[in-house]
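Q: For reference, the chains in residue letters:
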Amino acid sequence: MRPDQLLAPTPSGLCCKPGGFYIDPVRAVDRALITHGHSDHARPGHGSVLATQETLDMMRLRYGENFAGSTQAIRYGETVTLDGVTATFRPAGHVLGSAQIAVESGGLRIVASGDYKDAYDPTCAPFELVKCDVFITEATFGLPVFRHGDAAHEVAKLLHSVSVFPERAHLVGAYSLGKAQRVIALIRQAGYDKPIYLHGAMEKITYYYESRGIPLGPFLPVRGAAKTDLAGSIALCPPSALNDVWARRFPDPVTAFASGWMRVRARARQGGIQLPLVVSDHADWDGLTATIAATGASEVWVTHGQEDALVHWCQMRQLKARPLAIVGYGDEDEGATPADEATE
Amino acid sequence: MNRFAELLDRLAYEPARNNKLRLITDYLRATPDPERGWALAALTGALSFRHAKPALIRTLIAERTDPVLFALSYDYVGDLSETVALMWPAPARRVPSPASGGGLGRGPATAPPPDELRSSTSPASGRGEEAKAPTLTDVVETLSSLGKAELPAQLARWLDGLDETGRWALLKLVTGGLRIGVSARLAKTAAAALGEHTAQDVELVWPGLAPPYLELFAWLEGRAERPVTTDPSPFRPAMLSHAIEESDFSTLDPAEFTAEWKWDGIRVQAVSGRDEDGTRVSRLYSRTGEDISKSFPDLADALQHDGALDGELLIVRDGRVQTFNVLQQRLNRKAVTAKLIAEFPVHLRAYDLLHDGEQDLRELGFAERREKLAAFISKLNDPRIDLSPLVPFDTWDALTAARADPASAGAGEDAAAVEGVMLKRRDAPYVPGRPKGLWWKWKRDPLIVDAVLMYAQRGHGKRSSYYSDYTFGVWKSGPDGDQLTPVGKAYFGFTDEELLKIDRFVRHNTVERFGPVREVVHEPDQGLVFEVAFEGLQRSTRHKSGLAMRFPRISRLRFDKPPRDADRIETLERMLDRIEAGRATTVAPAIESPKAVVS
Ligand SMILES: [Zn+2]
Ligand SMILES: [Zn+2]
Chain E
-9 MRPDQLLAPT PSGLCCKPGG FYIDPVRAVD RALITHGHSD HARPGHGSVL ATQETLDMMR
51 LRYGENFAGS TQAIRYGETV TLDGVTATFR PAGHVLGSAQ IAVESGGLRI VASGDYKDAY
111 DPTCAPFELV KCDVFITEAT FGLPVFRHGD AAHEVAKLLH SVSVFPERAH LVGAYSLGKA
171 QRVIALIRQA GYDKPIYLHG AMEKITYYYE SRGIPLGPFL PVRGAAKTDL AGSIALCPPS
231 ALNDVWARRF PDPVTAFASG WMRVRARARQ GGIQLPLVVS DHADWDGLTA TIAATGASEV
291 WVTHGQEDAL VHWCQMRQLK ARPLAIVGYG DEDEGATPAD EATE
Chain C
3 MNRFAELLDR LAYEPARNNK LRLITDYLRA TPDPERGWAL AALTGALSFR HAKPALIRTL
63 IAERTDPVLF ALSYDYVGDL SETVALMWPA PARRVPSPAS GGGLGRGPAT APPPDELRSS
123 TSPASGRGEE AKAPTLTDVV ETLSSLGKAE LPAQLARWLD GLDETGRWAL LKLVTGGLRI
183 GVSARLAKTA AAALGEHTAQ DVELVWPGLA PPYLELFAWL EGRAERPVTT DPSPFRPAML
243 SHAIEESDFS TLDPAEFTAE WKWDGIRVQA VSGRDEDGTR VSRLYSRTGE DISKSFPDLA
303 DALQHDGALD GELLIVRDGR VQTFNVLQQR LNRKAVTAKL IAEFPVHLRA YDLLHDGEQD
363 LRELGFAERR EKLAAFISKL NDPRIDLSPL VPFDTWDALT AARADPASAG AGEDAAAVEG
423 VMLKRRDAPY VPGRPKGLWW KWKRDPLIVD AVLMYAQRGH GKRSSYYSDY TFGVWKSGPD
483 GDQLTPVGKA YFGFTDEELL KIDRFVRHNT VERFGPVREV VHEPDQGLVF EVAFEGLQRS
543 TRHKSGLAMR FPRISRLRFD KPPRDADRIE TLERMLDRIE AGRATTVAPA IESPKAVVS
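Listed in order, the protein sequences are those of chains E and C. All residue numbers for the first sequence refer to my numbering, where the first residue is -9 and numbers rise by one. All residue numbers for the second sequence refer to my numbering, where the first residue is 3 and numbers rise by one.
Check each hint, because a few of them may be wrong.
What the hints assert, rightly or not - From chain E, some residues computed to sit far from chain C (all C-beta separations above 12 angstroms):
(1) Arg(-8)
(2) Gln(-5)
(3) Thr0
(4) Gly10
(5) Arg17
(6) Gly54
(7) Phe57
(8) Thr61
(9) Pro185
(10) Arg202
(11) Pro205
(12) Gln308
(13) Lys310
Said to hold, decoys possible - Reference excerpt, derived from the structure (chain E facing chain C, CB under 7 angstroms, subset only):
(14) Val254
(15) Gly262
(16) Ala299
Hints were generated in silico from the structure; no laboratory data involved. Because the structure is a prediction, the values reported are computed rather than measured. Cβ coordinates follow ideal geometry from the N, Cα and C atoms, glycine included.
Start from the sequences and build out the full structure, keeping to the hints where you can.
A: Following this line, the structure appears as structure tokens:
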């Protein structure tokens, strides 16, 4: 079987015709296998959804009980057979519950990795390498200038700033699902034990992480807090809130933003950020290239991001590589800076 | 160096002066000698070594990266030093932090993460030796003695040892492209805060000090006596004025004041004296104490007086004072050539005498100092240095008339270089800083037009949640009838309350968004009219309207006025004609010189 007979890009997303399913479809389909809970990958309205328990729970939190006709939870390492095609879920290290999906038929194995990272993250299972013939990778940070370094060092920068400016609030923009919890976990690991203030939009998901045995608290809601209480505090909010009227309640805030994009100064300056924190939920350039090499794949498909450089890199290594050009990914998580989303 | 780089990085993003101060003081407190001294030298612009050329940096990176990947990266980042800093293939040698168990993704060992297979990119500089992060001290000391041929290999070794931010700062430093956004004065103020001292205290001892300033830090931290100044021509902190308001005049007695023209040049302090060996040491300082002698060798090297003069640096051709516009042309040139000097001869118009030889005059009243100054200047008999004339007046009305028409009130042909009048209390001592009530500046009435808000952009720092930067336009006839054409940008002049009003207007009347910029409705009967005040006007090929305003600001909000009643481009053109005919107000370039912002 040729690889593109097993899996092929369609307008609805990656389709496995022989198995009768889609992976992370961007339109409603009969049968969907979902890698993780970010809204660009996990959309509502499918007939049946197969995903990890955490991913299903996150979809339920976001879309309500009836987000799909039926659901089935699958554990890491578990395999299902669908019309003769097997699919195995493996940790992707991206956010809680995130998975790569290894699709196999007739001795051919394709791994659709969804979004992934190979860097340390105390809030989710670490990335697991799966040998394969074809590796499908994202390329959000697919340029050699993106090297994310040690996230703990970035959090140390934040805490140092809190000690230099004890009377100002430190407002940290972070994507609500995954990034925020990882930043909080790293803040806790660094020994900061005071309550952390949360924007209303990230309360539910953060408490969900805690319910899955990831201790992050104590927390206080920003809502209703007095300006004087917020002095000296650390508060987390979605990036779009940083420049919103919402942020005016904080006393002379230091605006921080935790994102892989913060590696590039122009991006940080564009967003009016004072304290860029280079913390990413996606693999950096070294992570992407090391992973591709380690999978042993002879062919690489690139789903979304900066595909030019990554495809070029593969070709230099005599690997077959092509961009899939699927429209619809990268709308959430790290796809944007807090440029112009302010609402009143 | 990594720590210093982090400070620079943070300073680059921090807009507020007080916060910058805190960051620098924090760094100086936490960093040992001599590292912090070299850092202070870098911040005050006191470091000097031969800079590396960008071509060298390009060669280094070309030897280590694929050209296509470099091109894609450079294109994305847009800055050479930053691109190289980020993609430099440093040996995979990052120190794992204890909390994370490894920045490269070493999670709990259930399954081997692929980073085990991360190519440990070949140590770029080779030689097999482990690259160590250099300190700023290493860098400065090595660069001062390093031969040109050794620079590439040395630079590569340093880059191998540093992290991304460290590499960025090093590359900016060695190529001379470090723009820190911090004045020497600010850095000295931050150093002073290490102890119970003020910036003035530091300023007084500064001229006798050299990096890495061990004796300065020892004194600031109370471990040693105040360093003795042996500099024969030190800077004395300048006395500054307040802007006068209409309402102030009723409280002031004209008999207690003298008036002079406010010249539109550069405030300087010209100091000259002899060191222990009898050698003359002359310097020109800016009003913040930066040594600017190198930019004006024609004046600095000619100084022969013993003492400290305070005055205005101006271009004088054939006995006529030229406008700031002309001075700006000299300032714009990097190299001070003989041709430039001949074409733009500088001149000192003195208005105060702080030291006469060894004698400190600053405690005397202005009238007394002025008498000594007049005698000093006439004895000096230097064609490059003259006395700023007084403007005679006995009532405020008389002074108002003089200010409105300097040409007939004594300034004559030099009137175009007058930007207002200065009022000085006769009995005022020379007090560093900006004391209340002693010196006043009274600028000429600004030019005013009514213009329509077209685009608004978010501000920075405290203002980042407000649309506080505005592009405005006036009417111009075109093929499709009257259209608004942008004529300037302004981001101050309004009160906080007015800012809220404008911000609300922008948010409710956006027609399109471009990143942080919003296009705001601007139709004949829909939109917001600003009264815009500005200091000067000149022709400009860079602006679509062909005009550029100097120092524009929002002087009033005209919610009452429909945009159709705003001014037309012809109004501005008439103003420009008048200015060019030399009759009206200042002619000065449309730059926001720091001088304009703070004076
Ligand atoms: Zn994702
Ligand atoms: Zn994604």
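Q: Decide, hint by hint, whether the structure agrees.
A: Going down the list of hints, with the structure as the test:
Chain C leaves E/Arg(-8) outside its interface by the beta-carbon criterion, the shortest separation being 26 angstroms against a cut-off of 12 angstroms. Against the 12 angstroms criterion, E/Gln(-5) stays outside the reach of chain C, whose nearest CB is about 28 angstroms from its own CB. The claim that E/Thr0 is not at the interface with chain C holds, since no C-beta of that chain comes within 12 angstroms of its own (minimum 29 angstroms). A cut-off of 12 angstroms between C-beta atoms confirms that E/Gly10 is not in contact with chain C; the least separation is 30 angstroms.
With 12 angstroms as the threshold on Cβ separation, the claim that E/Arg17 sits away from chain C holds: the shortest Cβ distance comes to roughly 28 angstroms. With a cut of 12 angstroms on Cβ distances, E/Gly54 stays outside the contact zone with chain C, its closest approach being about 31 angstroms. With a least CB separation of 30 angstroms from chain C, E/Phe57 remains clear of the 12 angstroms interface cut-off, as annotated. In this structure E/Thr61 is separated from chain C by more than 12 angstroms, as the shortest Cβ-Cβ distance comes to about 26 angstroms.
Residue placement check: E/Pro185 keeps its beta carbon more than 12 angstroms from all beta carbons of chain C (closest about 20 angstroms). Residue placement check: E/Arg202 keeps its beta carbon more than 12 angstroms from all beta carbons of chain C (closest about 16 angstroms). Against the 12 angstroms criterion, E/Pro205 stays outside the reach of chain C, whose nearest CB is about 15 angstroms from its own CB. No beta-carbon of chain C comes within 12 angstroms of the beta-carbon of E/Gln308; the shortest separation is about 14 angstroms.
Distance check for E/Lys310 against chain C: the nearest CB is about 18 angstroms away, which clears 12 angstroms, and the non-interface claim stands. The beta carbon of E/Val254 comes within 6 angstroms of a beta carbon in chain C, closer than 7 angstroms, and the hint placing it at the interface holds. Hint status for E/Gly262: holds, given a least beta-carbon distance of 4 angstroms to chain C, under 7 angstroms. At its closest, the beta carbon of E/Ala299 sits 5 angstroms from a beta carbon of chain C; the interface hint therefore holds under the 7 angstroms criterion.
Checked against the numbered hints listed earlier, the structure breaks none of them; every hint is satisfied.
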